[in-house]
Amino acid sequence: MSMTERMTGQFIPGASLLHSLDARAKLFGFILLTAAVILADTVAGYALIIALMLLLTAVSKLPVSTVVGSVRRMFWFFVIIFIMNCLFYSAEDPIWSWWIISLSKAGAVQGFNVMFRILIILVLSNIFTLVTPPLEITSAIQSMLKPLKLLRLPADDIAMIISVAIQFIPTLLQEADTIKMAQIARGARFESRKLHERAAAMLPLIVPMFLSAFKRADELATAMEARGYRGAKHRSGKKAAPMPAGSYASILFCAAVCAAEIII
Amino acid sequence: MIKAKDLIFSYDCEGGRHRSLDGACITVRDGELVAVLGHNGCGKSTLVKHFNALLEVQKGELTVAGLDAKSEANIWTLRRKVGMVFQNPDNQFVSSVVAEDVAFGLENYGVDGSEIPERVSAALALVGMAGFERRSPHMLSGGQKQRVALAGVLAMDPDILVFDEVTSMLDPDGRREVLSVIKRLHSQQGKTIVMITHYVEEAVFADRVYLMHDGRMLADGAPREMLTDLELLRRTGLTPPTPVRMYHDLKAAGFELPYCPLTNEELAEELCRLK
Chain A
1 MSMTERMTGQ
11 FIPGASLLHS
21 LDARAKLFGF
31 ILLTAAVILA
41 DTVAGYALII
51 ALMLLLTAVS
61 KLPVSTVVGS
71 VRRMFWFFVI
81 IFIMNCLFYS
91 AEDPIWSWWI
101 ISLSKAGAVQ
111 GFNVMFRILI
121 ILVLSNIFTL
131 VTPPLEITSA
141 IQSMLKPLKL
151 LRLPADDIAM
161 IISVAIQFIP
171 TLLQEADTIK
181 MAQIARGARF
191 ESRKLHERAA
201 AMLPLIVPMF
211 LSAFKRADEL
221 ATAMEARGYR
231 GAKHRSGKKA
241 APMPAGSYAS
251 ILFCAAVCAA
261 EIII
Chain B
265 MIKAKDLIFS
275 YDCEGGRHRS
285 LDGACITVRD
295 GELVAVLGHN
305 GCGKSTLVKH
315 FNALLEVQKG
325 ELTVAGLDAK
335 SEANIWTLRR
345 KVGMVFQNPD
355 NQFVSSVVAE
365 DVAFGLENYG
375 VDGSEIPERV
385 SAALALVGMA
395 GFERRSPHML
405 SGGQKQRVAL
415 AGVLAMDPDI
425 LVFDEVTSML
435 DPDGRREVLS
445 VIKRLHSQQG
455 KTIVMITHYV
465 EEAVFADRVY
475 LMHDGRMLAD
485 GAPREMLTDL
495 ELLRRTGLTP
505 PTPVRMYHDL
515 KAAGFELPYC
525 PLTNEELAEE
535 LCRLK
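Here the protein sequences line up with chains A and B, keeping their order.
Everything in the first sequence is counted per the numbering used here, starting at 1 for the first residue and increasing by one.
Everything in the second sequence is counted per the numbering used here, starting at 265 for the first residue and increasing by one.
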């Protein structure tokens, strides 16, 4: 695993247009575009989405390899999703069938749809976290969750938890790598061709991962308390400054894409 | 000023309760740099976690910066006056941007947003990390991470700094960086510092050293007194610094140095004078 791959999803400072947008606008735009991706189901719709992704990547001035980094890691996940859909989605006019399995054209189309959507949403969320500092995401989520306060839910704390969780992903990935190496050194068979051996090798990876995650969480909580954290509501959140006009324009743009997907 | 008297702390563990502090007493005067030395599990971490009310006083007396640590009402004032840096640099960051992380404490205490960037930059400058505001802590070296964590604490301008084995996970370069920042904060900023460690060498530059064993203090005094006392160090379960060991080995071999050196520099000087 290379250094750049490890850091996927981590904020990279920059001076692009996407970096400079208000985090609330970016979060809202992200939700709108996610909706647009789910709504897309025609060739023209897909073309629009792909064009949009290329545009976003270009505007963000991020290297393409960073933007698609985590997608490569999930290659087998996509393959499995596709095959499962091909074989189990529909039993009507099958090309080939046996027992409960039936390969159908509708299934293949559905498989492609699901795969395409997950892939694009993954890339989209990647771009979002790459151009937005984590605590800005926190306050954006905070302002978006405000209505929850009416239901007496701790919206501020939920936002803090989400942000800290995102921020620990690279550390945990790195650790999974280290533990994996240690287990391989002691004869674990992650590379084995036999599925049951590979599955058996996962357990000694997962148990220490959980233990260490709990230990980290505990230490982080202590460190946060030592620095005066007592629930997010006491924090001097940045004053809810009105969003600049450019940010409204970007939301409008995302809404237009969403509308276009509904029409085509 | 920290004044602890007969602190007792025990927690439940397999097969009953374990007493981690057993009548610990410590006094740290304003502007003093005190090192608490002891091997793993002697209770030194437990002791300092009382100073900012991370652990509740079960039994005994504790006043920190004029505040009674037993009073619940003092907790948040206490945590602002006593800054604490921990062992593992990776488990202290709440943000993947240095400036945001350093600002975390300030925001917790409701410091006005317009003041924050300035105080963050000042704190980073104090630890020699100016210009790293937009960087990600994950991309820094261990020593740099610990200095950023220290800046996060310094931004709140605490009177007392507590270091809980901050160098134990660092490489020699990182350790040197962090120690030199600690020394500078003591000599130039006049901070009161409590440093706990199990590296005898790190206690050499302290004003005073406490030797801790099994939840209580065995002795305290100047480093030169404490770190050259072989019997005392043996009872604490610590290895004396290399120059001290060398002094005694030379003595056994019939070479008597004029005094017991504490640092490598002193040792070298004495050796050069040896006829």
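Source of the hints: derived by calculation from the structure; they are not laboratory data.
For every residue, glycine included, the Cβ atom is placed at its ideal position computed from N, Cα and C.
Worth double-checking, as some hints may not be accurate.
Pairs of lysine-lysine residues, derived as BS3-like cross-links and limited to a Cα-Cα distance of at most 27 angstroms, are as follows [unchecked claim]:
#1 B:Lys-334 - B:Lys-313
#2 B:Lys-323 - A:Lys-233
#3 B:Lys-267 - A:Lys-233
So the derived label-pair ranges between C-beta atoms look like this [to be verified]:
#4 B:Gln-453 - A:Ala-200: 51 to 61 angstroms
#5 B:Arg-281 - A:Ala-165: 54 to 64 angstroms
#6 B:Ser-405 - A:Ala-165: 51 to 61 angstroms
Where chain A lies over chain B, by a calculated footprint (3+ residues, C-beta under 8 angstroms) [claimed, not checked]:
#7 349-357
#8 369-378
#9 383-396
#10 527-536
Taking 8 angstroms as the Cβ threshold, is the statement that the region 383-396 of chain B is covered by chain A upheld or broken by the three-residue rule?
violated (count 0)
Taking 27 angstroms as the top limit, are the C-alpha atoms of Lys-334 (chain B) and Lys-313 (chain B) close enough?
13 angstroms, holds
The region 349-357 of chain B covered by chain A? Criterion: 3 or more residues, Cβ-Cβ distance below 8 angstroms.
holds (count 6)
A range of 51 to 61 angstroms was offered for this pair. Does it hold for the Cβ distance of Gln-453 (chain B) and Ala-200 (chain A)?
56 angstroms, holds
Three or more residues of the region 527-536 of chain B near chain A by CB distance under 8 angstroms?
violated (count 0)
Taken at face value, is the distance from the CA of Lys-233 (chain A) to the CA of Lys-267 (chain B) at most 27 angstroms?
33 angstroms, violated
Does the hinted range 54 to 64 angstroms hold for Arg-281 (chain B) and Ala-165 (chain A) at CB?
35 angstroms, violated
Does the hinted range 51 to 61 angstroms hold for Ser-405 (chain B) and Ala-165 (chain A) at CB?
Given a distance of about 25 angstroms, which is not inside 51 to 61 angstroms, the answer is violated.
Check, residue by residue, whether the region 369-378 of chain B contains three or more positions whose beta-carbon lies closer than 8 angstroms to a beta-carbon of chain A, and give the verdict.
holds (count 9)
27 angstroms Cα cutoff - pair Lys-323 (chain B), Lys-233 (chain A):
33 angstroms, violated
Comparing the model with each earlier hint shows violations of hints 2, 3, 5, 6, 9, 10; every other hint is respected.
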